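2 protein chains.
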Amino acid sequence: MKVSEFLDAVASPSPTPGGGSASALLCSLGASLLCMVCNLTIGKKGYEGSEAELKRVLEEAERLRKRSEELIDEDAKAFDEVMEAYKTPKETPGRAERIQNSLKSAAAIPLEVARIGVRVLELSKVVAFKGNVNSVSDAGVAALAAEAGVRGALLNVRINLKSITDKGFKEEKQFEIRNIERKSKELLEEVTGIVAFKLGN
Amino acid sequence: MKVSEFLDAVASPSPTPGGGSASALLCSLGASLLCMVCNLTIGKKGYEGSEAELKRVLEEAERLRKRSEELIDEDAKAFDEVMEAYKTPKETPGRAERIQNSLKSAAAIPLEVARIGVRVLELSKVVAFKGNVNSVSDAGVAALAAEAGVRGALLNVRINLKSITDKGFKEEKQFEIRNIERKSKELLEEVTGIVAFKLGN
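First to last, the sequence lines map onto chains A and B. Using our numbering, the first residue of the first sequence is number 1, and each one after it goes up by one. Using our numbering, the first residue of the second sequence is number 202, and each one after it goes up by one.
Hints in this document: simulated from the structure, not taken from any laboratory. In this text, all values refer to a predicted model and were calculated from it rather than measured experimentally. Ideal placement from N, C-alpha and C gives every residue a C-beta, glycine not left out. Treat each hint with caution, since some may be false.
Label pairs and their in silico Cβ distance ranges [stated by the list, open to error]:
hint, chain 1, residue 1, chain 2, residue 2, range
1, B, Arg-379, A, Gln-100, 42 to 50 Å
2, A, Arg-182, B, Arg-316, 29 to 37 Å
3, A, Ser-12, B, Glu-249, 20 to 28 Å
With the Cβ distance kept under 8 Å, some of the chain B side facing chain A (calculated, not the full set) [to be verified]:
hint, residue
4, Pro-216
5, Leu-227
6, Ser-229
7, Leu-230
8, Leu-234
9, Arg-266
10, Met-284
11, Ala-286
12, Ile-360
Hey, can you work out the whole structure from these sequences and the hints?
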């Protein structure tokens with residue numbers, strides 16, 4: 001799908017692709033920007049000391065951006081599954097269980113997106129610190145996109161948890177949500193601090 | 202360009218499309234999500250009282266998402282112009298002026314992106330408050346994407362300002378940057394407050 005078609009599809013009256021897919025795209029965009037900064041650093045004069053580390057970052061960022069790109073579609077599919085489950089006639093045996101299972105599966109996708117986003121933020125810190133200083137704003141945008149992706153994904157986990165009845169499952173996920181939120185907020189502050197320092201204004 | 206091709210192009214060793222184009226995409230994605238929530242609200246039972254207002258929001262969000270989508274390419278072009286200006290031989294008459302003019306033009310693009318992002322945040326507040334409650338997480342993701350777009354765009358204004366010698370121009374833009382930053386931060390807090398309240402967790 002073309003970028004313009006994807007944006008049209010988001011804007012359309014269909015609930016998918018929606019905020020879940022958008023959050024996955026944000027993380028993929030962040031990881032892609034990190035790849036660019038690594039590519040603009042590796043082999044450049046003055047960055048020989050960071051080359052080995054940035055090659056490892058590039059390799060991981062490539063994996064993360066591909067996985068989060070897959071999650072754009074997977075999120076839409078999982079949400080469509082939930083809609084299907086709700087549409088089954090009320091008297092169908094196992095209907096409630098089907099709904100609950102679809103909600104749990106649907107919550108798993110944005111949780112994976114959020115975990116990827118945190119990792120993109122961790123890598124952004126390395127890239128902002130050791131990458132090509134001419135591209136430091138790109139490392140900053142990578143972190144901003146990833147953090148928005150993390151928080152957006154967590155909103156999608158939360159809206160699924162609202163309808164999940166399994167208390168143990170909910171508590172476990174709520175605990176993870178808190179941890180991820182705290183971590184990504186801290187990481188973004190660290191990265192923006194490095195970027196502001198390097199921009200010198 | 203397909204979404205996957207765009208992400209590949211970002212990740213590639215070419216500096217465009219980079220963080221500036223990514224920031225424009227973030228704002229367009231935010232505006233597109235607002236369109237979706239409006240489309241999922243207008244005509245629905247229980248939302249009759251907000252219909253007229255959300256129709257106006259939808260119309261404006263459509264315009265904003267189209268304009269920021271155009272800015273994805275315009276940012277890359279303006280950056281390429283700067284690169285071209287720097288590449289002219291050092292002895293070329295008017296070289297310094299050409300560089301300075303290209304930098305000022307290049308700074309204008311992310312400034313427009315940031316202004317659009319602030320407007321998307323203002324509209325997100327209306328949509329989070331009055332839109333379909335089942336899509337409140339999408340209004341939240343819209344605001345998160347737009348705020349990341351604003352901050353990302355401002356990093357791109359800043360990196361251009363670094364090389365601009367016109368003091369009056371710099372001060373004027375730095376003043377605007379501060380104002381936009383403050384405003385978008387406040388707006389995001391307001392929107393996430395509404396979303397958290399409506400999610401009830």
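Status of the hints after comparison with the structure:
1. B/Arg-379 <-> A/Gln-100: 42 to 50 Å: About 49 Å separates the Cβ atoms of B/Arg-379 and A/Gln-100, which means 42 to 50 Å holds.
2. A/Arg-182 <-> B/Arg-316: 29 to 37 Å: This hint holds: roughly 32 Å between Cβ atoms.
3. A/Ser-12 <-> B/Glu-249: 20 to 28 Å: Holds - the Cβ-Cβ distance for A/Ser-12 and B/Glu-249, about 22 Å, lies within 20 to 28 Å.
4. Pro-216: holds (6 Å)
5. Leu-227: holds (6 Å)
6. Ser-229: Where the cut-off is 8 Å and the nearest Cβ of chain A is about 6 Å from B/Ser-229, the hint holds.
7. Leu-230: Because about 5 Å separates B/Leu-230 from the closest Cβ in chain A, which is inside the 8 Å limit, the hint holds.
8. Leu-234: It holds, given that the least Cβ distance between B/Leu-234 and chain A is near 6 Å, below 8 Å.
9. Arg-266: Given a least distance of 6 Å, the restraint on B/Arg-266 holds.
10. Met-284: violated (11 Å)
11. Ala-286: violated (15 Å)
12. Ile-360: Status holds, d = 4 Å.
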